[in-house]
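Peer 1: Chains as they are written, first to last, in the numbering used here: chain A, 1 to 203; chain B, 1 to 67.
Just so you know, these hints were derived from the structure itself, not from any lab.
There could be a bad hint or two in this list.
The list that follows gives simulated cross-link-like pairs (lysine to any residue, SDA-like), each with its CA atoms no further than 25 angstroms apart [unchecked claim]: (1) B:K19 / A:N85; (2) B:K29 / A:N179; (3) A:K187 / B:N46; (4) B:K29 / A:E165; (5) B:K29 / A:L172; (6) A:K187 / B:P24; (7) A:K156 / B:A26; (8) B:K25 / A:P3; (9) B:K29 / A:A170; (10) B:K19 / A:G176; (11) B:K19 / A:R155; (12) B:K29 / A:G176; (13) B:K25 / A:K156; (14) A:K156 / B:N46; (15) B:K25 / A:S43; (16) B:K29 / A:R162; (17) A:K156 / B:P47.
Partner residues aside, some chain B positions facing chain A, computed with beta carbon under 8 angstroms [unchecked claim]: (18) R3; (19) I7; (20) M17; (21) V18; (22) I23; (23) D52.
The beta-carbon is built from N, C-alpha and C at its ideal position, and this holds for glycine as well.
Spelled out from the first residue to the last, the chains are:
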Amino acid sequence: VPPPPVNPDAVFLNIPYDKEFQNLYLAYISGLYQLGLEPFVTSGIPGGERRLDRILSLIQSCRYSIHDLSRVEMSVAPPATPRFNMPLELGLTITWAKMHPRRHTWFLWESTPRRIQKSMSDLDGTDPYIHTGSVEGVLSELRNAFIHRNAPPVRKMVAAFRLLEGNLDAILAGAGTRNLYAASVFKDLCFVALNAARIELGT
Amino acid sequence: MPRSVHISTLIPPPLSMVKRLRIPKARQKQLLAIMDQARQRTATANPRELSDGLRQGKKLLSASAAR
Chain A
1 VPPPPVNPDA VFLNIPYDKE FQNLYLAYIS GLYQLGLEPF VTSGIPGGER
51 RLDRILSLIQ SCRYSIHDLS RVEMSVAPPA TPRFNMPLEL GLTITWAKMH
101 PRRHTWFLWE STPRRIQKSM SDLDGTDPYI HTGSVEGVLS ELRNAFIHRN
151 APPVRKMVAA FRLLEGNLDA ILAGAGTRNL YAASVFKDLC FVALNAARIE
201 LGT
Chain B
1 MPRSVHISTL IPPPLSMVKR LRIPKARQKQ LLAIMDQARQ RTATANPREL
51 SDGLRQGKKL LSASAAR
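Chain A extracted, bound-state conformation:
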């Protein structure tokens, strides 16, 4: 099967879908749109044996990917188990990028320095972006990873993020869910983030 065409503005977001990550999830969506990039996630992909194929296809269609491993840790609920989905998807991405370096570029994100060297020593030599668990950290590191001569200042990026964050409750109520990571909510968040970027950065 031939790989899908590459969307040059698309960024595959390999992130944890948990409550502690919600603000950073919004920051990634908001920040990418402000840099003229489009985020894509796996939340709309159904389970089953074809899920991995579809995830690989999504990775192949995106020019870039961000792998935020800051929450790869033991779960609180028994049995205590680390989550491996994100490292698995990172592995798929690295393989794809090794085979087709002109089609894909991937980035590692972490919350604290040197954690990645402990959790994944095979990646020694690959420096991650460190967001320190903060919205401002995600936004400023996005500007560092994706260098654009017209990139908005972090102050403006935070303002557009606040526009998205301030509408969150109403978006969830309208979607009839409290699950921020639902596929339909992702589309709504993208729509609001995109409009917020157009408002803050000039239309």
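Since chain A is already given, all that's left is putting chain B on it; use the hints.
Peer 2: Relative to the frame of chain A, chain B by itself:
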């Protein structure tokens, strides 16, 4: 140093990205109304918190949703 790439995307993001989201027009209008209500609430309660873009009165309605 982490790797970085130079990009030349369109800033602000183009309306074609709205179309690619494939959100029904009715839902787009709901979302724009939600954004406008939030802006009005902020403008009434604490105008100093309005961002530069909103203070300048930028239109919330995107062209694709208005069609």
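Peer 1: Now tell me if each hint is right for this structure.
Peer 2: Hints, verified against the model:
1. B:K19 / A:N85: Distance ~31 angstroms between K19 (chain B) and N85 (chain A) Cα, so the pair is violated.
2. B:K29 / A:N179: holds (22 angstroms)
3. A:K187 / B:N46: Given that 25 angstroms is the threshold and the Cα spacing comes to 29 angstroms, the pair is violated.
4. B:K29 / A:E165: holds (18 angstroms)
5. B:K29 / A:L172: Roughly 15 angstroms separates the two Cα atoms, so the pair holds.
6. A:K187 / B:P24: Roughly 11 angstroms between the alpha carbons, so the hint for K187 (chain A) and P24 (chain B) holds.
7. A:K156 / B:A26: Outside the cut-off at roughly 29 angstroms; violated.
8. B:K25 / A:P3: violated (32 angstroms)
9. B:K29 / A:A170: holds (13 angstroms)
10. B:K19 / A:G176: Holds - the C-alpha atoms of G176 (chain A) and K19 (chain B) are around 23 angstroms apart, at most 25 angstroms.
11. B:K19 / A:R155: violated (28 angstroms)
12. B:K29 / A:G176: holds (17 angstroms)
13. B:K25 / A:K156: violated (28 angstroms)
14. A:K156 / B:N46: holds (19 angstroms)
15. B:K25 / A:S43: holds (22 angstroms)
16. B:K29 / A:R162: This hinted pair holds, its Cα atoms lying about 20 angstroms apart.
17. A:K156 / B:P47: Status holds; Cα separation ~17 angstroms.
18. R3: holds (7 angstroms)
19. I7: holds (5 angstroms)
20. M17: This interface hint holds because 6 angstroms falls under the 8 angstroms limit.
21. V18: Holds - the Cβ of V18 (chain B) comes within 8 angstroms of chain A, reaching about 6 angstroms at its closest.
22. I23: holds (6 angstroms)
23. D52: holds (7 angstroms)
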